[in-house]
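Model the full assembly from the supplied sequences, consistent with the hints where possible.
Residues per chain are reported as follows:
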Amino acid sequence: MPKIIPVPDELSQPFWDAVNEQRLVLQNCTACDKLQYPPKADCQVCGSADYLEWKEVEGKGHVATYIVIEDGRLNRRMLDQPYNLALVTLDQDPTVNFYSNLPGVPPYEVPLGAAVEVTFEEVAPGQLIHEWQVVE
Amino acid sequence: MTSSNDFQWRRDRDGLGVWEHRGKVAVVGYGHSPVDRRWDEVNLDTSLGAYTIMACEKAMEQAGVTIDQVDGIVCCDSHIAGGSGGTASVWAPRPYFDPPYDSEYGLTLINAQWLINTMGFKNVKFAPTGVPTIGEMVGMASQAVGDGVCSTCLVIYPTGNMEGRYRRGGENADDYARGARQWTVPWGNHGGNDFINIFPHRQYLMKYGGEHEDLVHFVRNQHKNGMLTPWGYNATHNVQPISVEDYIGSRPILNPLRIWDCDRPVNASAAYLFTTSERAQDMKSQPVYVLNHSQHNFAFRTTQPDLDEVEMWTDRQAARMYEGAGLGPADVDIFNPYDGYSIMTQFFLEGVQWHGVKRGESLSFYAGDISVKGPHPFSSSGGNLGNGRTRTAMYTDSIEQLRGTAGDRQVTVRAETALCAFTTPSSGGWLMLGKYPS
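In the order they appear, the protein sequences are chains A and B. Using my numbering, read the first sequence as starting at 1 and increasing by one per residue. Using my numbering, read the second sequence as starting at 1 and increasing by one per residue.
It should be emphasised that the hints constitute simulated quantities derived from the structure, not laboratory data. Some clues are possibly wrong.
[As the list claims (entries may be wrong)] Some but not every residue of chain B turned toward chain A, in silico, with C-beta under 8 Å:
1. F7
2. W183
3. G188
4. R202
5. M206
6. Y208
7. D246
8. I248
9. G249
10. R251
11. P252
12. T303
Using N, Cα and C, we set each Cβ at its ideal position, and we do this for glycine too.
Okay, structure coming up:
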């Protein structure tokens with residue numbers, strides 16, 4: 001079953017536009033030199049919006065931990081159960097994390113600490129989402 | 001009615017000092033309705049509205065307070081299942097009934113105005129709308145009474161549940177993820193306290209050692225305490241405490257989270273009566289004094305809170321509460337943290353450092369004697385795991401322990417202060433109660 005489809009808003013549109021071009025861009029505060037994801041109206045460190053810009057990042061990370069969703073509440077994902085939901089930290093800034101279903105990794109067989117790299121998955125015509133794939 | 005935003009009542013910053021109304025506000029009554037699994041959708045005498053009226057009447061009766069004396073009503077006016085409630089939380093499009101059940105109010109929602117109209121309150125001058133959940137409502141009422149905004153205030157927390165899978169409708173049935181959900185739902189996180197805590201919980205096990213199954217001691221103790229709580233779901237439905245095997249073999253939800261790690265949604269209502277300590281002296285119940293209330297609403301720094309973030313948040317919550325109450329960890333006799341999912345309670349226990357429990361020590365603490373008759377009567381209420389998702393057992397047990405009226409749950413250790421909460425690591429509130437005003 002296709003994953004649930006994100007609906008971009010004014011704040012997130014540049015992010016999803018980049019994802020649709022198979023690029024991972026995050027907000028970066030040039031004053032604080034701090035990446036932030038998900039995007040916010042202001043920098044979470046200095047509180048200013050004046051120094052926020054979009055910055056393309058290297059899509060490399062590691063699996064911090066994971067769970068297996070066996071009885072979730074999302075109708076559209078029921079048939080996928082059980083499936084992995086991993087927490088991936090970004091190598092460039094490990095305080096930034098992402099969710100991933102780790103495509104290709106069987107449920108319960110998640111390699112903790114493994115290196116991953118970003119990939120992109122179509123969830124609706126013209127709409128990609130960012131995913132993470134274990135690096136062999 | 002005013003909005004809750006119009007009244008500056010929150011104590012949600014670090015370094016606020018001792019609460020200016022410490023000991024000057026008291027809880028003088030509480031009332032619980034029966035706790036059903038669901039409303040049967042037929043009998044209006046067991047509807048959420050009828051149960052809420054019953055809870056209010058019990059709370060007033062306990063204190064000997066009449067309807068005309070109540071001048072404040074703080075009622076949670078949103079459904080506990082929120083935007084994902086679906087058919088379990090909305091009566092429409094089915095036809096409504098005769099008044100007062102001629103809208104969602106009284107059936108699936110309760111607000112102050114519906115209670116004023118239905119019960120005949122005549123002198124209410126404080127009845128905010130858009131109020132938060134019970135964890136913060138008790139703070140709002142405490143501050144309102146302390147500030148003189150009102151003098152005798154009912155706090156009401158209705159928890160409705162009808163037929164249908166809980167939180168399987170609304171936004172959870174949507175093919176699209178909007179707003180904040182665009183960052184979580186595509187990968188399967190439907191949102192809520194289970195997801196907030198399950199990842200930090202796994203990191204906790206990795207950092208400090210132990211297995212998820214070590215929670216069984218805590219879960220079983222909650223069930224045992226629940227069976228000692230006469231009004232709770234477990235006691236009134238004879239839900240016998242589970243065995244270790246029951247727990248280990250139970251259905252996975254968000255593996256390793258199991259069904260027995262989760263509280264049971266119920267249809268019920270509870271009410272508490274707050275007043276000034278001065279007025280409390282003329283009432284027929286034994287007052288319990290509010291020593292502090294505090295709140296928190298910490299922003300996530302990224303998609304998912306991790307263990308470091310949760311530990312930092314719970315440290316700050318504890319510091320705020322202790323500072324405002326003028327107390328420290330060794331002063332807290334009764335401790336009733338939130339337990340809607342068993343995987344979060346260790347974060348609160350270690351943040352508050354109750355009975356000296358430090359970071360990473362909860363699982364071994366749970367394996368010791370945490371029974372109500374033992375030296376460490378942790379969560380003597382049985383919480384939500386032992387009583388159903390009323391989110392109120394923590395408050396009622398704290399009041400009863402301080403009064404010495406907890407019956408079979410009465411602890412054998414000193415019971416002069418009690419710390420209780422409905423909260424998540426990121427948002428919610430705490431309440432410190434005392435047998436004495438100072």
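Measuring from the C-beta of D246/B to each C-beta in chain A, is the shortest one below 8 Å? At 17 Å from the nearest chain A Cβ, D246/B fails the 8 Å test, so the hint is violated.
Report holds or violated for the interface hint on R251/B, using the least CB-CB distance to chain A and a cut-off of 8 Å. holds, 7 Å
Holds or violated: P252/B as interface residue toward chain A, Cβ cutoff 8 Å? Hint on P252/B: holds, closest Cβ of chain A at ~4 Å, below 8 Å.
Per-residue hint verdict: R202/B, partner chain A, C-beta under 8 Å: Because about 4 Å separates R202/B from the closest Cβ in chain A, which is inside the 8 Å limit, the hint holds.
Report holds or violated for the interface hint on Y208/B, using the least CB-CB distance to chain A and a cut-off of 8 Å. violated, 14 Å
With a cut-off of 8 Å, does the beta carbon of I248/B approach a beta carbon of chain A closely enough for the hint to hold? Hint on I248/B: violated, closest Cβ of chain A at ~15 Å, above 8 Å.
Tell me if the interface restraint on G249/B is satisfied: Cβ within less than 8 Å of some Cβ in chain A. violated, 14 Å
At a threshold of 8 Å, is the proposed contact between M206/B and chain A supported by beta-carbon distances? holds, 7 Å
Interface hint status, G188/B versus chain A (Cβ within 8 Å): Holds - the Cβ of G188/B comes within 8 Å of chain A, reaching about 5 Å at its closest.
Is the shortest C-beta separation between W183/B and chain A less than 8 Å? holds, 4 Å
Using Cβ atoms only, decide whether F7/B comes closer than 8 Å to chain A, and label the hint accordingly. violated, 26 Å
Hold the hint about T303/B up to the distance rule: shortest CB distance to chain A must be less than 8 Å. Check passed: Cβ of T303/B comes within 5 Å of chain A, closer than 8 Å.
In this structure, the earlier hints numbered 1, 6, 7, 8 and 9 are contradicted, and the remaining ones agree with it.
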